[in-house]
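Asks: Sequence:
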Amino acid sequence: MISLGSSLGGISWICEELHLGSYCLQRTIVDGVNLFFLCAFYLFLIIAIIGKCSTRSSRKDWVLVVVSLCCALCSIGCFSVGLWNLMAKNDEFNHMSWLVYFVRGMVWISFTVSLLSQWSKWISLLNSFWWAFSFVLISILNVQILLRTHGIEILDIVPWSIIFLLFLCALRNLIHFPKRQIELDQASFLGRLTFSWINILEDEAKFAYKKFVHAWDSLLRETNSNSTRNMVLWAIAKVYLKENIFIGICAFLRTISVVVSPLILYAFVNYANGNERNLDEGLSIVGCLLVTKLVESLSQRHWFFDSRSLGRRRHSTGEIVKYIAVDAYRMGEFPWWFHSSWSFVLQLFLAIGILLWVVGLGALIGLVPLPICGLLNVPFANMLQKCQTQFMIAQDERLRSTSKILNKKFKNLIESLRENEFKWLAETQFAKAYGTLLYWMSPTIISSVFFLGCIIFGSAPLNASTIFTVLASLRSMGDPVRMIPEALSSLVQVKVSFNRLNAFLLDDELKNDELFRIPSQKSDRSVKIQSGNFSWDPEIMIPTTDMNLEIRCGQKVAVCGPVGAGKSSLLYAVLGEIPKISGTVNAFGSIAYVSQTSWIQGGTIRDNILYGKPMDKTKYEKAIKACALDRDINTFNHGDLTEIGQRGLNMSGGQKQRIQLARAVYKDADIYLLDDPFTAVDAHTAAILFNKTVILVTHKVEFLSEVDKILVMKDGQITQSGSYEELLTAGTAFEQLVNAHRDVITGLGPSNDEIQEETQKLDTVQPEMSQGSSFTKENSEGEIAVNGLPGVQLTEEEETEINDVGWKPFWDYIIVSKGLPLLFLGIVTQSGFVALQAAATYWLALGIQIPKITSGILIGVYTANSTLSAVFVYLRSFFAAHPGLPDLPMLSLRLPCYSSTQPLLGGF
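First residue of the sequence shown: 30, per the numbering used here; consecutive thereafter.
Don't read these hints as lab results, they were simulated from the structure. Treat the hints with caution; some may be incorrect.
What the hints assert, rightly or not - Derived pair list, reagent style BS3-like, types lysine-lysine, alpha-carbon separation capped at 27 Å:
hint, residue 1, residue 2
1, 685, 696
2, 738, 696
3, 609, 651
4, 524, 271
5, 648, 585
6, 738, 585
7, 609, 585
8, 654, 609
9, 585, 651
10, 239, 524
11, 696, 557
12, 240, 271
13, 609, 648
14, 415, 452
15, 738, 609
16, 557, 729
17, 654, 685
18, 271, 557
19, 696, 585
20, 557, 585
21, 642, 696
22, 729, 696
23, 696, 648
24, 654, 642
25, 267, 239
26, 240, 524
27, 651, 729
28, 271, 239
29, 729, 654
30, 685, 729
31, 557, 609
32, 585, 743
33, 685, 651
34, 267, 240
35, 729, 585
36, 461, 415
None of the values given here were measured: they were computed from a predicted structure.
Make the full structure from the sequences, and use the hints.
Replies: Structure, rendered in structure tokens:
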């Protein structure tokens with residue numbers, strides 16, 4: 030029977046038997062674990078007190094108070110026994126037994142403090158783990174005592190019972206632990222390690238942009254203008270230096286753990302084959318294997334996750350301009366490939382070092398086929414690249430021709446192009462099959478040569494530890510040999526992307542002072558330009574030079590001149606779109622711009638006019654009437670809810686232009702800029718628009734007599750300015766322009782009286798319109814609805830269903846392609862490949878245990894099995910690619926043949 034003295038601490042820290050089966054060592058481990066948690070608890074408590082981060086509730090938890098009193102009583106008992114031993118000097122106990130009791134008394138009093146000091150959730154979590162761990166260890170120790178002695182003292186049950194109460198308190202804390210989604214920047218170390226947090230992965234673009242701009246500006250100040258280094262690369266490296274260091278550490282740990290695995294396997298096999306097996310050595314090997322695989326798994330996942338999430342942050346630098354989307358994607362992949370390049374090289378050399386250490390000189394022969402197999406990948410890669418390139422070229426050519434198909438006369442052309450495409454597709458698939466054969470043959474050849482080197486040089490015994498360590502090391506070398514060329518290729522592409530982005534970001538920035546917007550109430554002017562010089566590119570000829578212009582509110586100004594005179598550039602200057610070289614541009618009030626080419630979005634006519642603004646029925650009807658859209662809308666079955674196709678494909682040029690004008694009129698802006706909008710609008714409609722204040726660029730001189738001011742431009746300068754009568758003097762360029770068009774426009778537009786009559790009608794438009802002439806009507810919700818016959822919209826709501834398609838499509842494909850025999854052969858070859866791979870490894874494990882089997886036979890049979898497995902995997906790839914290839918041309922030609930015989934609506 031074990032007494033209370035032995036159970037509570039009659040064991041010295043200096044044990045006579047230092048092995049895991051010793052009760053002394055086991056009890057010392059329990060004390061050591063408690064001391065570790067004790068130190069961690071007081072450290073967390075000091076940090077919480079200094080940081081004043083208390084989250085304690087004002088209400089006392091009486092369960093914790095009661096358990097803390099029990100712990101305090103137990104600590105008093107330990108201190109009393111320790112003090113008695115110190116004073117009694119009893120030979121029954123070791124001379125250091127009093128110190129053991131004092132340590133355990135400190136542990137129990139610390140339990141009391143921990144129960145009453147729940148300062149933060151993390152201290153509560155630490156305490157819960159401490160209490161649970163102590164209960165598990167003490168329970169294991171007491172159960173072991175029960176199994177050995179078939180009994181336990183009553184007084185030993187007291188501390189065990191109190192520990193059980195602590196365990197219940199731990200479960201209580203964990204159940205009530207606050208559960209919420211933890212963001213990445215607030216996650217704990219354990220949460221980051223185990224990915225237990227769930228929330229957004231990327232930084233906000235605004236925050237990432239600020240960090241990048243700060244680093245970019247500091248580098249610009251520190252770098253000379255003649256420097257050739259890539260500023261983008263250095264800026265990103267400066268911003269994300271800590272993250273890259275962490276990713277590098279993860280990559281290094283992953284590399285070391287992968288390389289160390291064959292060594293652990295070597296030690297494990299030697300231990301298993303040994304005659305004397307030490308338990309401590311075996312547990313150490315298993316522990317090392319567990320730690321190695323744990324480190325490998327965590328480091329690899331953090332390497333992948335952090336490198337990808339760091340790449341997502343970098344994408345924010347490429348969102349400024351869409352045409353660099355490819356470069357931004359490559360930048361996102363850069364952290365992964367950068368750390369892959371050096372870690373794979375390190376992994377390759379470390380694996381070679383392990384092979385030299387295990388095999389000795391015999392490894393030198395085995396290293397010879399390694400670069401040879403690597404070089405053999407080059408012609409296959411070039412062949413695959415050529416096939417892929419030719420296949421894409423043939424596919425593009427066939428797609429261009431397919432888009433022109435209208436009838437059967439193009440069928441022969443499509444068939445010939447499809448045959449060429451099929452040819453290169455087949456070559457690509459067969460090239461992949463050859464690559465698969467080489468991929469699986471390389472390890473067989475290299476490992477066989479390694480084993481042959483062991484036989485020739487006799488540098489290492491050909492036993493289980495040597496064979497399986499060599500195989501594991503070669504397996505760890507597979508990824509570096511395969512990925513290093515791809516990593517180097519990706520780094521070259523990333524360098525090109527960095528150079529392009531660097532050149533883009535080092536260009537001159539757009540100025541923010543191109544245009545000054547001033548409220549219209551503060552001035553009686555609409556536009557004022559003083560000494561304005563504008564150019565899209567300062568290195569080429571300036572489109573507009575020495576521009577001086579002042580336009581009053583309510584004026585109607587026309588800009589005319591020959592093609593290339595700078596008329597549109599003048600409007601861009603007012604908009605602030607064209608870079609300003611010098612001068613000032615002031616715009617008083619809001620601006621509505623109508624471009625020369627109609628800009629129409631997909632949607633309804635109403636959506637294009639409102640453009641996100643709330644519906645104002647009166648203003649909406651006035652805008653439609655002013656732009657003469659009422660006649661167009663009356664012709665549509667769905668009125669202003671008629672769907673407009675992509676880029677207005679079902680609208681005429683005049684209709685698109687009038688919709689664009691109605692959008693500008695509905696905006697009710699202070700300034701209207703019209704860039705030759707009347708090319709597709711008749712003169713009557715254009716005349717109605719003149720009740721608005723506009724700056725009009727036009728080539729039609731029939732409207733010039735109705736404006737207040739005319740600007741004549743030539744070579745980027747305003748050569749003439751004034752009213753129609755002032756400019757219409759003999760000998761001027763304007764007079765020649767008017768005379769040239771006078772005969773052409775005779776009778777085109779209405780008289781001035783008619784124009785004024787239409788204008789008066791527009792001013793007297795009432796919100797209530799007669800039902801007989803109305804193109805819209807008000808529904809129950811107060812909105813405008815259509816009034817027309819039901820018809821077919823251009824776009825209709827799609828119907829989608831979610832269901833399991835089953836195996837029928839796959840079975841139909843196999844039947845149509847006559848691929849059932851090939852499918853069977855593919856399954857057989859795949860099964861044969863797996864069986865031969867397992868047989869080769871099993872043969873090595875079995876053959877080394879039979880003395881009658883010579884080394885030559887052992888390696889020969891292994892090589893034969895591995896070679897046959899490589900042949901089977903090649904046949905598997907061949908049979909997998911072959912079923913769809915013979916009937917692919919027939920299947921691909923059925924759709925074009927069917928489409929060419931159908932009506933346009935049904936076929937497309």
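Asks: Given the hint that residue 685 pairs with residue 729, test it: the Cα-Cα distance must not exceed 27 Å.
Replies: The given pair, whose Cα atoms are some 19 Å apart, holds under the 27 Å limit.
Asks: Between residue 609 and residue 585, is the straight-line Cα distance small enough, at 27 Å or below?
Replies: 25 Å, holds
Asks: Take a quick look at whether residue 461 and residue 415 sit within 27 Å of each other, Cα to Cα.
Replies: 12 Å, holds
Asks: When you check the alpha-carbon spacing of residue 685 and residue 651, does it fall within 27 Å?
Replies: 18 Å, holds
Asks: Verify the proposed pairing of residue 729 with residue 654, using a straight-line Cα cut of 27 Å.
Replies: It holds: about 23 Å lies between the C-alpha atoms, which stays within 27 Å.
Asks: Below or equal to 27 Å on CA atoms is what counts here, so check residue 696 against residue 557.
Replies: 22 Å, holds
Asks: Given the proposed pairing of residue 415 with residue 452, does the C-alpha separation stay at or below 27 Å?
Replies: Status holds; Cα separation ~13 Å.
Asks: Can the restraint linking residue 696 and residue 585 be considered satisfied, given a maximum Cα separation of 27 Å?
Replies: Holds, at about 18 Å.
Asks: Between residue 609 and residue 648, does the CA-CA distance stay at or below 27 Å?
Replies: Outside the cut-off at roughly 36 Å; violated.
Asks: Are the Cα atoms of residue 738 and residue 609 separated by 27 Å or less?
Replies: 25 Å, holds
Asks: For the pair we were handed, residue 524 and residue 271, check the Cα-Cα distance against 27 Å.
Replies: At roughly 22 Å apart (the allowed maximum being 27 Å), residue 271 and residue 524 satisfy the hint.
Asks: Take the C-alpha atoms of residue 557 and residue 609, compute the straight-line distance between them, and say whether it is at most 27 Å.
Replies: Between residue 557 and residue 609 the Cα gap is close to 14 Å, so the pair holds against 27 Å.
Violated hints, in rising order: 3, 8, 13, 18; the structure is consistent with all others.
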